[in-house]
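Participant: Sequence:
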Amino acid sequence: QVQLVESGGGLVQAGGSLRLSCAASGSIFSIVVMGWYRQAPGKQRELVATTTTSSDGITNYADSVKGRFTISRDNAKNTVYLQMNSLKPEDTAVYYCYARNSGYRAYWGQGTQVTVSS
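Residue numbering for the sequence shown follows our numbering, starting at 163 and increasing by one per position.
You may find that some hints are simply not true.
The list that follows gives simulated cross-link-like pairs (lysine-lysine, DSS-like), each with its CA atoms no further than 25 Å apart [as the list claims (entries may be wrong)]:
(1) LYS250 / LYS228
(2) LYS205 / LYS250
(3) LYS205 / LYS228
It should be emphasised that the hints constitute simulated quantities derived from the structure, not laboratory data. No experiment lies behind these values; they were computed from the predicted model shown.
Taking the hints into account, I'd like the entire structure generated from these sequences.
Facilitator: Set out below in structure tokens:
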């Protein structure tokens, strides 16, 4: 089992920045991908950004956040971060930490609210 705990959400004005953190615990040796998804009211959950946990650190971003958001990881702390800059009202959503193991089993955090006011 893998447990994911997010932190760092909140309320920010448009143009501002926030940094989300996700700490993993449990069977973390099996995790090969970590990242973030988000879900706005009335919409489906969508990918924001992911990174592999191996040394290559391959990242993947949704087109809507490219150039504004940066995903990073600290393997020593078993933590992944999402730096969000130039936030827009349409970024408002519940952000979920995500992890996947080598067997393609997915794990989710409890979610953290990000609200961007115009």
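Participant: Next step is simple, just say for each hint if it's right about the structure.
Facilitator: Hints, one by one, checked against the model:
Annotation: proposed proximity of LYS250 to LYS228 holds, straight-line Cα distance about 13 Å (limit 25 Å). Between LYS205 and LYS250 the alpha-carbon distance is near 17 Å, which keeps this suggested pair within the 25 Å criterion. Simply put, LYS205 and LYS228 have alpha-carbon atoms about 20 Å apart, close enough for the 25 Å limit, and the pair holds.
Hint check: no violations occur; every hint is consistent with the structure.
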